[in-house]
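Going down the list, the protein sequences come from chains A and B. For the first sequence, our numbering begins at 1 and goes up steadily by one. For the second sequence, our numbering begins at 1 and goes up steadily by one.
Check before you lean on any hint, since a few could be wrong.
What the hints assert, rightly or not - Derived DMTMM-like pairs (lysine to aspartate or glutamate); straight-line CA-CA distance at most 25 Å:
1) B:LYS104 to A:ASP148
2) B:LYS99 to A:GLU234
3) A:LYS334 to B:GLU226
4) A:LYS149 to B:GLU158
5) A:LYS463 to A:ASP233
6) B:LYS104 to A:ASP347
7) A:LYS463 to B:GLU109
8) B:LYS104 to B:ASP160
9) A:LYS463 to A:ASP222
10) B:LYS222 to A:GLU330
11) B:LYS46 to A:ASP147
12) B:LYS184 to A:GLU137
13) B:LYS99 to A:ASP233
14) B:LYS44 to A:ASP222
15) B:LYS99 to A:ASP148
16) A:LYS463 to B:GLU226
17) A:LYS463 to B:GLU61
18) B:LYS266 to B:ASP294
19) B:LYS119 to B:GLU215
20) A:LYS149 to B:ASP176
21) A:LYS149 to B:GLU109
22) A:LYS334 to B:GLU61
23) B:LYS119 to A:ASP31
24) B:LYS222 to B:GLU127
25) A:LYS130 to A:GLU414
26) B:LYS104 to B:GLU127
27) A:LYS463 to B:ASP56
28) A:LYS463 to B:ASP160
29) B:LYS99 to A:GLU137
30) B:LYS46 to A:ASP270
31) B:LYS222 to A:GLU426
32) B:LYS104 to A:ASP147
33) A:LYS114 to A:GLU137
34) B:LYS46 to B:ASP279
35) B:LYS46 to A:GLU234
36) A:LYS463 to B:ASP129
37) A:LYS334 to B:ASP56
38) B:LYS283 to A:ASP222
39) B:LYS44 to A:ASP233
If you're looking for bench data, these hints aren't it; they were derived computationally from the structure.
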Amino acid sequence: MSRFVWATGALALTLLTSPAVRAATDAELADIREQIRQLKESYEARIQALEQRLKAAETRTAPSVAEQQPPTAPPAAAASAPAAPPASGISAFNPAISAVLQGTYNNLSQDPNKYALSGFAPSGDIAPGKRGFSLGESELALSANVDDKFFGNLIISLTPENTVSVEEAYGLYTAAPYGLAPKFGRFFSGLGYMNDQHQHAWDFVDAPLVYQAFLGGQYDVDGLQLKWVAPTDEFLEFGGELGNGEGFPGTQRNKNGVGSGIAYVHAGGDLGPSNSWRAGLSYLQTRARNRNYSQIDLSGNDAQVGFSGSSQLAVADFVWKYAPNGNARETNFKLQGEYMWRRESGDFTYDRDGALGLTNTSSYGARQSGWYLQGVYQFMPTWRVGARYDWLNPGNVNYGSNATYLANPTFHPERWSTMLDWTPSEFSRLRVQFQQARLAPGITDNEFFVQYILTLGAHGAHKF
Amino acid sequence: MKILCSLLFAAMLDNGVSSARAAVNVFATVPEWGALAEELGGDKVKIYVATNALQDPHHVEAKPSLIARARNADLIIATGAELEIGWLPLVLQQAGNPKVQPGKPGFFEAATFVTLLDKPVRLDRAEGDVHPAGDPHIQTDPRNFARIATPLAARFAEIDPENAAYYQERYKAFADRWAASIAKWGTEAAPLRGVPVLVQHKAFTYLIAWLGLKEIAALEPKPGIEPTTAHLSEVLAILQRQPAKMVLRAAYQSDRASQWIAERTKINAVTLPFTVGGDAAAKDLYGLFDDTVDRLLKGAQ
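Could you build the full structure based on these sequences and the hints that come with them?
What follows is the structure, given as structure tokens:
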């Protein structure tokens, strides 16, 4: 009944208004036609869009609940709606795995087995590698969140001599408040700029001379690290590390407690969209006991010497990066430098023939320093050139009564390096490097390297 | 040591004060999410945008400034789908801010709320810089903003419940105006339907799907790999068979490859803003699509 009334009403209304429609001017009609045409087009566009969405939805494996969530729904539920169901099974929680493959061809004018920095205590395995073709260090890295509180990272280094070493193996407490980031295990110390960068991320084949002379290449800590980022708009980071102090310049000492302490502060920021920088000051305090090595004495004997005492190292570092508008893809420039200063004091033992024939122990004090400066310029996508200068100052060495047998070093080791590399993707790099090193009086080493670095597996992050 | 301690203490104190006083600190990885946060958050949010429109979003470094800003953020808005994989995980790890870690309310990943296109069939780095979850350049389709705005407004309300009504109001105003704008752009762009185009980088999948353009080829031989002369010659050969109207590139990309093609053929090289700030007209989200549609229409002539 009511439907009938409505229908009649509507009919009557149409009849009543129809004369008005007929009376409409041509201009109004054109206007209405235009409106209808626009409406039609708009609907056609929408239908096509809907068809495309349908098509996309069909190819999708899981329906997206998220899109239908009303704005008042708890976002946690919305966030948990994945675009695709995660892989299940026993391997679903496998850590991120990546591997780095490296190798070089070395052409060295001096014997790498006799590689030494004149006036500086040998610090470990710092030689530029073998002559000819040689495999570099291969690296295997595993990392994942352990649970809601810890993150774990393991980096294993496989040497060409078929030995395995643990480069880093640390846990990170991720739930700490106040911007604190506690780390524990074995890790590269955060001192300086380059120390916590892995070898494959370096801009040159080998480490700067200051790293070779003062840190044995790179300073690894077995211990604890606590970093704190200040809640300021500019970057300000404080860090402290406690370790067992076994790494050069310290030695193993078979002692309870803490063997080495490190403190540093890093600051950084941007200057406009194109420039960014970071600078830092670091301090390392450690001790050595019977740090023994051989040294040629004044009468030409290959004497055995040993140092026991304290060692302090101060590092000042900076890096400045320029990329037009912050877009590093086309061209960019990077300038970095570090200055290191070391003070050692303690006892020094001289043993003329290494068989306790003539021995003498006396006080020892040394202040030595050095620096490097390097610039790397990407002049077109994927291609970079770089230059580096290294300089060491043997400084003041006070041998005490051992001055009778040992000469004070006066020679300043230095090195010039240039390199060219090609980085076809983030995962591969080929490099040639030429350098001239004067590391001992009267000896010039011309070194030429060809290097490859390949990264496979999980996508690594780029440290600044 | 004493000085250091007092410094630390002073800075901690400062942090406590600032978090009570300030608005919601938003850290947007790319300009489009900064602009959306601006639409929804108004003056209740303080926005920091980590990158600009002239920066290749695939090549960003974990700069000290980013770590400092992530340290103070209440909410990080990222694209996700591995767009920020080269820097954001490192920034999050170094910033030591548990509020904004993935899985926490302070971490918002836009790509989880839209349907990702171009999911690779073959997951292999030999295919170039492929994104396993699908194409992350979701900001080239305005309809995606409508989908993302809903959960983002809810997230603002969750982080800052005091102002929930404010966010809801702004969300409604945005949703209405945005829907009307989408209809307007759709009408304006109707002549673009079926227009064949070349792209420099496969960055316009969503734009192409939205407007019904037809992608003939990409100038990059593989995603993220620099265009080579050999590949560009192949593209020329494709154009002989299938002519295209224009070649599209994002503002941050070098114009060499598209100019090379444009010089040898009669097609137009069109630079799209790609995100907010990509050119003078793309001042906000509305300007971004006004200008994108405008440039496409001009290019198609």
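Outcome of the hint check:
Proximity of B:LYS104 to A:ASP148 is assessed by CA-CA distance (about 11 Å); at most 25 Å being required, the pair is judged to hold. Note on B:LYS99 and A:GLU234: the hinted pairing holds, with a Cα-Cα distance of about 20 Å set against a maximum of 25 Å. Using a Cα cut-off of 25 Å, the hinted pair A:LYS334 and B:GLU226 holds, with the two alpha carbons roughly 22 Å apart. For the suggested pair A:LYS149 and B:GLU158, the alpha carbons sit about 23 Å apart, so the restraint of at most 25 Å is met.
A distance of roughly 19 Å separates the Cα atoms of A:LYS463 and A:ASP233; the hinted pair therefore holds under the 25 Å criterion. This hinted pair does not check out: B:LYS104 and A:ASP347 have alpha carbons roughly 55 Å apart, beyond 25 Å. Our distance criterion of 25 Å between C-alpha atoms is met by A:LYS463 and B:GLU109, whose separation comes to about 22 Å. Restraint check for B:LYS104 and B:ASP160: the C-alpha separation of about 14 Å stays at or below 25 Å, so the hint holds.
Distance restraint check for A:LYS463 and A:ASP222: the Cα-Cα separation of roughly 22 Å lies within the 25 Å cut-off, and the hinted pair is therefore satisfied. Between the alpha carbons of B:LYS222 and A:GLU330 the distance comes to roughly 17 Å, so the proposed pair stays at or under 25 Å and holds. A C-alpha spacing of about 32 Å is found between B:LYS46 and A:ASP147, which places the hinted pair above 25 Å, so the restraint is violated. Restraint check for B:LYS184 and A:GLU137: the C-alpha separation of about 59 Å exceeds 25 Å, so the hint is violated.
Of the supplied pair hints, the one linking B:LYS99 and A:ASP233 holds, its CA atoms being roughly 17 Å apart against a limit of 25 Å. With a C-alpha separation of about 46 Å, the suggested pairing of B:LYS44 with A:ASP222 is violated against the 25 Å cut-off. For the hint pairing B:LYS99 with A:ASP148, the CA-to-CA distance comes to about 13 Å; that is within 25 Å, so the pair holds. About 23 Å separates the Cα atoms of A:LYS463 and B:GLU226, which keeps this hinted pair within 25 Å; it holds.
Only pairs whose Cα atoms come within 25 Å are accepted, and A:LYS463 paired with B:GLU61 is accepted, the gap being roughly 7 Å. Of the supplied pair hints, the one linking B:LYS266 and B:ASP294 holds, its CA atoms being roughly 20 Å apart against a limit of 25 Å. A threshold of 25 Å between alpha carbons decides the hint, and for B:LYS119 with B:GLU215 the separation of about 16 Å falls inside it, so the pair holds. At most 25 Å may separate the alpha-carbon atoms for a hinted pair to count; A:LYS149 and B:ASP176 exceed this at roughly 42 Å.
Note on A:LYS149 and B:GLU109: the hinted pairing holds, with a Cα-Cα distance of about 21 Å set against a maximum of 25 Å. Restraint check for A:LYS334 and B:GLU61: satisfied, since their Cα atoms lie roughly 13 Å apart, inside the 25 Å limit. Note on B:LYS119 and A:ASP31: the hinted pairing is violated, with a Cα-Cα distance of about 46 Å set against a maximum of 25 Å. The hinted pair formed by B:LYS222 and B:GLU127 meets the criterion: a straight-line CA distance of about 6 Å does not exceed 25 Å.
In summary, the hint linking A:LYS130 to A:GLU414 is supported, as the alpha carbons are separated by about 21 Å, within the 25 Å threshold. The straight-line distance between the Cα atoms of B:LYS104 and B:GLU127 is roughly 33 Å, outside the 25 Å bound, and the hint therefore fails. The straight-line distance between the Cα atoms of A:LYS463 and B:ASP56 is roughly 17 Å, inside the 25 Å bound, and the hint therefore holds. Between A:LYS463 and B:ASP160, the direct Cα distance comes to roughly 33 Å. Violation of the 25 Å bound is thereby established for this hinted pair.
Distance check on the hinted pair: B:LYS99 and A:GLU137 sit about 38 Å apart at the alpha-carbon level, beyond 25 Å; violated. Under the criterion of a C-alpha separation no larger than 25 Å, the hint pairing B:LYS46 with A:ASP270 is consistent with the structure, at around 19 Å. About 14 Å separates the Cα atoms of B:LYS222 and A:GLU426, which keeps this hinted pair within 25 Å; it holds. Straight-line distance between C-alpha atoms of B:LYS104 and A:ASP147 comes to about 14 Å, which keeps the hinted pair within the 25 Å bound.
Straight-line distance between C-alpha atoms of A:LYS114 and A:GLU137 comes to about 21 Å, which keeps the hinted pair within the 25 Å bound. Distance restraint check for B:LYS46 and B:ASP279: the Cα-Cα separation of roughly 23 Å lies within the 25 Å cut-off, and the hinted pair is therefore satisfied. With a CA separation close to 16 Å, the supplied pair B:LYS46 and A:GLU234 stays within the 25 Å bound. Taking the CA atoms of A:LYS463 and B:ASP129, the gap is near 19 Å; set against the 25 Å cutoff, the hint holds.
For the hint pairing A:LYS334 with B:ASP56, the CA-to-CA distance comes to about 18 Å; that is within 25 Å, so the pair holds. For the suggested pair B:LYS283 and A:ASP222, the alpha carbons sit about 51 Å apart, so the restraint of at most 25 Å is broken. The straight-line distance between the Cα atoms of B:LYS44 and A:ASP233 is roughly 19 Å, inside the 25 Å bound, and the hint therefore holds.
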